[in-house]
Amino acid sequence: GPLDGLGALLDHSLLRQGEGGPGEPRFLMLETIREYASERLEAEEDPERTLRRHVEWVLGVAEEAEPHLMAEDQAAWMDRLEREHDNVRTALRWAIDNGESEIGLRTAAAIWRFSQQRGHLSEARRWIEDLLRLPGATPSVRFRALSAAGGLAYWQMDAPGARVHYEQALRIARGTGDRRAEMEGVYNISFLSEIAGDYAASARLLEESKAIAHEIGDRQGMAQAEGSLGWLYMLTGDYDRSIEAEEAAIDAFRDLGNRFQVIDALAALGQAYRLRGDHDLARARYLDTLSMLQESGSLPM
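Letter 217 of the sequence shown, counting from 1, is numbered 217 in my numbering, and no numbers are missing.
Don't read these hints as lab results, they were simulated from the structure.
Among the clues, some could well be false.
Beta-carbon label-pair distances, calculated as ranges [unchecked claim]:
id, residue 1, residue 2, range
1, 207, 171, 17 to 23 Å
2, 294, 254, 14 to 20 Å
3, 135, 48, 18 to 24 Å
4, 139, 200, 29 to 35 Å
5, 52, 287, 44 to 50 Å
6, 135, 177, 20 to 26 Å
7, 219, 175, 33 to 39 Å
8, 197, 57, 43 to 49 Å
9, 179, 200, 20 to 26 Å
10, 200, 257, 30 to 36 Å
11, 251, 48, 47 to 53 Å
12, 156, 89, 15 to 21 Å
Everything numeric in this text was worked out from a predicted model, so none of it was measured.
Glycine residues also receive a C-beta, built at the ideal position from the N, C-alpha and C atoms.
Take these sequences, add in the hints, and give me the full structure.
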């Protein structure tokens, strides 16, 4: 079997065992052996089939990881993507070189939260923007990829770049009549009004997103709009209302298992307490936030 073959390669020092995840052996290939394997691949009758299988495997890992990247077990899954990062790069390069926008965009969109939380913003944005220049891909995949590209630009503090992507994404959502996508698109654009200092416009967009979430019964959508409204209330000096909104959002995110947004709302709650003059409560919430960031191995927000 394959493991017998790996054992033989290990015995002859052609592979060495590296660090994998818990219960996940990982083998590293010497550069000379990698070059030989590449030559053998090129000599195969159907090397493209082998390469495509690798790319499909990477997509499977990325989409399996995606729901975990904001959840309680996010650290383990982000660690796994860190270990697979070179495989992801190889797959995205293949997708670009072969004009395979659908599989490339699905992969890049699935892992954008990993890139954001582990500090790979510039690289991830380059990949996804190169892929977005290719024709093809279904509207739903382009929506997700444009939303991811907008998110990456936003976290780089590039509001004009984020706007270009977010507006294209919202046009797709409205064009296809996908209410959940529209809810996300409106929510994303609300942050650009906030950055511009137009808090009234941002609040209107968040209320619109919250109303769509309520209409379709999306509790996550309602909670994220509520948490963002709580931040706006804080910016406009309504600290009591801000605290109430953030506490409601935190309860919902905990029930939903959305660790990333619990952290975000805790940080906002700490800020609201601080501005209201409740320094002990603020300190406690800040310490909770730092503790959760440390556990997940994320960079400070």
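Cross-check of the supplied hints:
Taken as a hint, the range 17 to 23 Å holds for the pair residue 207 and residue 171, whose Cβ atoms sit roughly 21 Å apart. Separated by about 18 Å at the C-beta atoms, residue 294 and residue 254 satisfy the suggested range of 14 to 20 Å. Here the CB-CB span from residue 135 to residue 48 is close to 20 Å, well matched to the stated 18 to 24 Å. Between residue 139 and residue 200 the CB atoms are about 31 Å apart, so this pair conforms to the stated range of 29 to 35 Å.
Residue 52 and residue 287 have their C-beta atoms about 49 Å apart, which keeps the hinted 44 to 50 Å range intact. Take residue 135 and residue 177: their Cβ atoms lie about 23 Å apart, and the range 20 to 26 Å holds. Separation of residue 219 from residue 175 is about 26 Å and departs from the stated range, judged on CB atoms against 33 to 39 Å. Taken as a hint, the range 43 to 49 Å holds for the pair residue 197 and residue 57, whose Cβ atoms sit roughly 46 Å apart.
A hinted range of 20 to 26 Å for the beta carbons of residue 179 and residue 200 is consistent with their spacing of about 24 Å. Taking 30 to 36 Å as the suggested C-beta distance range, the pair residue 200 and residue 257 conforms, at roughly 33 Å. The given range of 47 to 53 Å is respected by residue 251 and residue 48, whose C-beta atoms sit roughly 51 Å from each other. Separation of residue 156 from residue 89 is about 19 Å and conforms to the stated range, judged on CB atoms against 15 to 21 Å.
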